[in-house]
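*Asks:* Here are the chains, one letter per residue:
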Amino acid sequence: NAGVTQTPKFQVLKTGQSMTLQCAQDMNHEYMSWYRQDPGMGLRLIHYSVGAGITDQGEVPNGYNVSRSTTEDFPLRLLSAAPSQTSVYFCASSSQGQGGGYTFGSGTRLTVV
Amino acid sequence: GENVEQHPSTLSVQEGDSAVIKCTYSDSASNYFPWYKQELGKRPQLIIDIRSNVGEKKDQRIAVTLNKTAKHFSLHITETQPEDSAVYFCAATKNDYKLSFGAGTTVTVRA
Chain A
1 NAGVTQTPKF QVLKTGQSMT LQCAQDMNHE YMSWYRQDPG MGLRLIHYSV GAGITDQGEV
61 PNGYNVSRST TEDFPLRLLS AAPSQTSVYF CASSSQGQGG GYTFGSGTRL TVV
Chain B
114 GENVEQHPST LSVQEGDSAV IKCTYSDSAS NYFPWYKQEL GKRPQLIIDI RSNVGEKKDQ
174 RIAVTLNKTA KHFSLHITET QPEDSAVYFC AATKNDYKLS FGAGTTVTVR A
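Protein chains in written order, with the working numbering: chain A, 1 to 113; chain B, 114 to 224.
Derived from the structure by calculation, the hints contain no laboratory data. We put the beta carbon where it would ideally sit given N, CA and C, even for glycine. Take these hints with a grain of salt, some might be off.
[To be verified] What follows is a set of in silico ranges between Cβ atoms, one per label pair, in the way DEER data are often shown:
| hint | chain 1 | residue 1 | chain 2 | residue 2 | range |
| --- | --- | --- | --- | --- | --- |
| 1 | B | Pro121 | A | Thr15 | 34 to 40 Å |
| 2 | A | Gln17 | B | Ala224 | 30 to 36 Å |
| 3 | A | Gln22 | B | Glu169 | 39 to 45 Å |
| 4 | B | Gln194 | A | Ala2 | 26 to 32 Å |
| 5 | B | Leu153 | A | Pro83 | 20 to 26 Å |
| 6 | A | Ile54 | B | Arg223 | 43 to 49 Å |
| 7 | B | Lys181 | A | Pro83 | 30 to 36 Å |
| 8 | B | Glu152 | A | Pro61 | 34 to 40 Å |
| 9 | A | Thr15 | B | Pro195 | 38 to 44 Å |
| 10 | B | Asp130 | A | Lys14 | 46 to 52 Å |
[Stated by the list, open to error] Pairs of lysine-lysine, BS3-like flavour, derived with a Cα cap of 30 Å:
| hint | chain 1 | residue 1 | chain 2 | residue 2 |
| --- | --- | --- | --- | --- |
| 11 | B | Lys155 | B | Lys135 |
| 12 | A | Lys9 | B | Lys155 |
| 13 | A | Lys14 | B | Lys155 |
| 14 | A | Lys9 | B | Lys211 |
| 15 | A | Lys9 | B | Lys150 |
Use the sequences and the hints to build the structure in full.
*Replies:* Right under this line is the structure:
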């Protein structure tokens, strides 16, 4: 099992550009989430999914879109990048039977200039 | 939504001493409380968790306690070692898939 795989690991964008952060898991987990991590603010939930075809907003969804067409993949789209979106992004997955113990991907460090 | 507060933000302990991190939560319906450890430049990793029907759980040198009435839970690390130096996050949820995290505690173990 590769676990949770995120790509790319690093990305620099110009203000206004769009991009997609990829996330894939091979553990057949129902739950997947995207978090952003900023210094002193912990991990804040952007969007989450409880299964294929089902997504919902988290705490900080503005400027981001998600979709979940398959159980394995949960891409995060930045529509028009802004400097405020400079952050480290983590994708995570969990199984309903696992009781909420999320497995995190290795993260994507995004800088918007 | 759920609001989780975590204290202290930084903690420095002598090797061999104990470390305690405390978290409070706002939603009385929350029933699952995991703790994550994040080493520098790495991903968060689950180290221990507790459900609301349990008051305490131990795993070797780490333990978590939960006080549902007061809506707070704590992480205890005994006999700290240099490899315990990391950022620790508490979290709470009522539905397993929507975790709310605390702001984190940076623990430094002094040799």
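*Asks:* Now tell me, hint by hint, if it's right for this structure.
*Replies:* The hints, checked one at a time:
1. B/Pro121 - A/Thr15: 34 to 40 Å: For threonine 15 of chain A against proline 121 of chain B, whose Cβ atoms are near 36 Å apart, the range 34 to 40 Å holds.
2. A/Gln17 - B/Ala224: 30 to 36 Å: Cβ of glutamine 17 of chain A to Cβ of alanine 224 of chain B: about 46 Å, so the range 30 to 36 Å is violated.
3. A/Gln22 - B/Glu169: 39 to 45 Å: Given range 39 to 45 Å: holds, Cβ gap about 40 Å.
4. B/Gln194 - A/Ala2: 26 to 32 Å: Because 30 Å falls inside the window, the suggested range holds.
5. B/Leu153 - A/Pro83: 20 to 26 Å: holds, 24 Å
6. A/Ile54 - B/Arg223: 43 to 49 Å: holds, 47 Å
7. B/Lys181 - A/Pro83: 30 to 36 Å: Cβ of lysine 181 of chain B to Cβ of proline 83 of chain A: about 42 Å, so the range 30 to 36 Å is violated.
8. B/Glu152 - A/Pro61: 34 to 40 Å: violated, 29 Å
9. A/Thr15 - B/Pro195: 38 to 44 Å: The hinted range 38 to 44 Å holds for threonine 15 of chain A and proline 195 of chain B, with Cβ atoms some 42 Å apart.
10. B/Asp130 - A/Lys14: 46 to 52 Å: holds, 48 Å
11. B/Lys155 - B/Lys135: holds, 23 Å
12. A/Lys9 - B/Lys155: Distance ~12 Å between lysine 9 of chain A and lysine 155 of chain B Cα, so the pair holds.
13. A/Lys14 - B/Lys155: holds, 26 Å
14. A/Lys9 - B/Lys211: holds, 24 Å
15. A/Lys9 - B/Lys150: holds, 20 Å
The structure is inconsistent with the numbered hints 2, 7, 8, although it conforms to all the rest.
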